[in-house]
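**Student:** Could you build all of it, start to finish, from the sequences and the hints given here?
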Amino acid sequence: MSPTQDPGNPVPSAPLLVVMGVTGSGKTTVGAALAQRLRVPFADGDDFHSEANVAKMSAGIPLDDGDRMPWLRAVGAWLAGHAATGGVASCSALRRSYRDILRRSAPAVRFVHLHGGIEVVRRRVADRPGHFMPASLVISQFETLEPLGPDEHGIVLGLDRPVDEIVEAYLAAAAPRARSHPPSPAEPARPGNPGEAASAT
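Each residue of the sequence shown is one higher than the last, beginning at 1 in this note's numbering.
Derived from the structure by calculation, the hints contain no laboratory data.
From the three backbone atoms N, C-alpha and C, an ideal C-beta is built for every residue, glycine too.
Be careful, since some hints might not be right.
[Said to hold, decoys possible] Derived DEER-like restraints, expressed as beta-carbon distance ranges:
| # | residue 1 | residue 2 | range |
| --- | --- | --- | --- |
| 1 | A14 | G60 | 18 to 26 Å |
| 2 | D44 | A14 | 29 to 37 Å |
| 3 | S140 | A175 | 33 to 41 Å |
| 4 | R96 | D44 | 21 to 29 Å |
**Tutor:** See below:
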């Protein structure tokens with residue numbers, strides 16, 4: 001996958017980010033680390049799911065769009081409430097239509113897509129005790145995933161790196177935009193290590 005090119009404006013002084021990706025990609029861990037580094041609040045998208053959604057996923061049943069809509073609107077409301085002060089939320093945001101819902105609530109939001117291979121993610125989920133999302137749903141998540149489009153504000157980062165490296169990669173890519181200078185063209189990710197190169201947000 002080639003990194004997504006961000007066509008947009010300078011990074012706001014108070015960043016509003018969604019860390020997105022399939023289950024097991026590290027959204028919560030990376031999102032919390034980014035929020036701490038940026039000194040803004042963090043929200044775990046899982047906390048916005050209804051009990052019915054959690055029960056459905058725990059049973060290995062993928063959510064449909066009817067299940068997701070109230071959840072996405074709740075995440076969007078949180079983002080809207082933090083648009084002025086900045087914030088980071090973890091949310092799978094797998095389809096463009098889902099990201100559109102978040103953007104309608106918070107137009108300034110930018111996305112950080114944690115991308116990696118299915119076997120890496122499957123192993124992570126299988127080794128994650130006590131979480132409601134079983135490994136059996138990993139395939140359905142990849143089938144649902146629509147990568148960021150060239151007109152979407154965002155960045156793609158490889159998930160198979162240490163958290164500190166992922167945070168530093170985001171900050172390095174975002175810095176040129178924060179200074180209102182255009183970033184250098186991103187190199188395409190090398191096969192077998194998707195998302196290693198990053199475009200600026």
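**Student:** Taking the hints in turn, state whether each one holds.
**Tutor:** Evaluation of the provided hints:
{"no.": "1", "hint": "A14 x G60: 18 to 26 Å", "result": "violated (39 Å)"}
{"no.": "2", "hint": "D44 x A14: 29 to 37 Å", "result": "violated (20 Å)"}
{"no.": "3", "hint": "S140 x A175: 33 to 41 Å", "result": "holds (36 Å)"}
{"no.": "4", "hint": "R96 x D44: 21 to 29 Å", "result": "holds (22 Å)"}
Hint check: violations occur at hints 1, 2; the rest are consistent with the structure.
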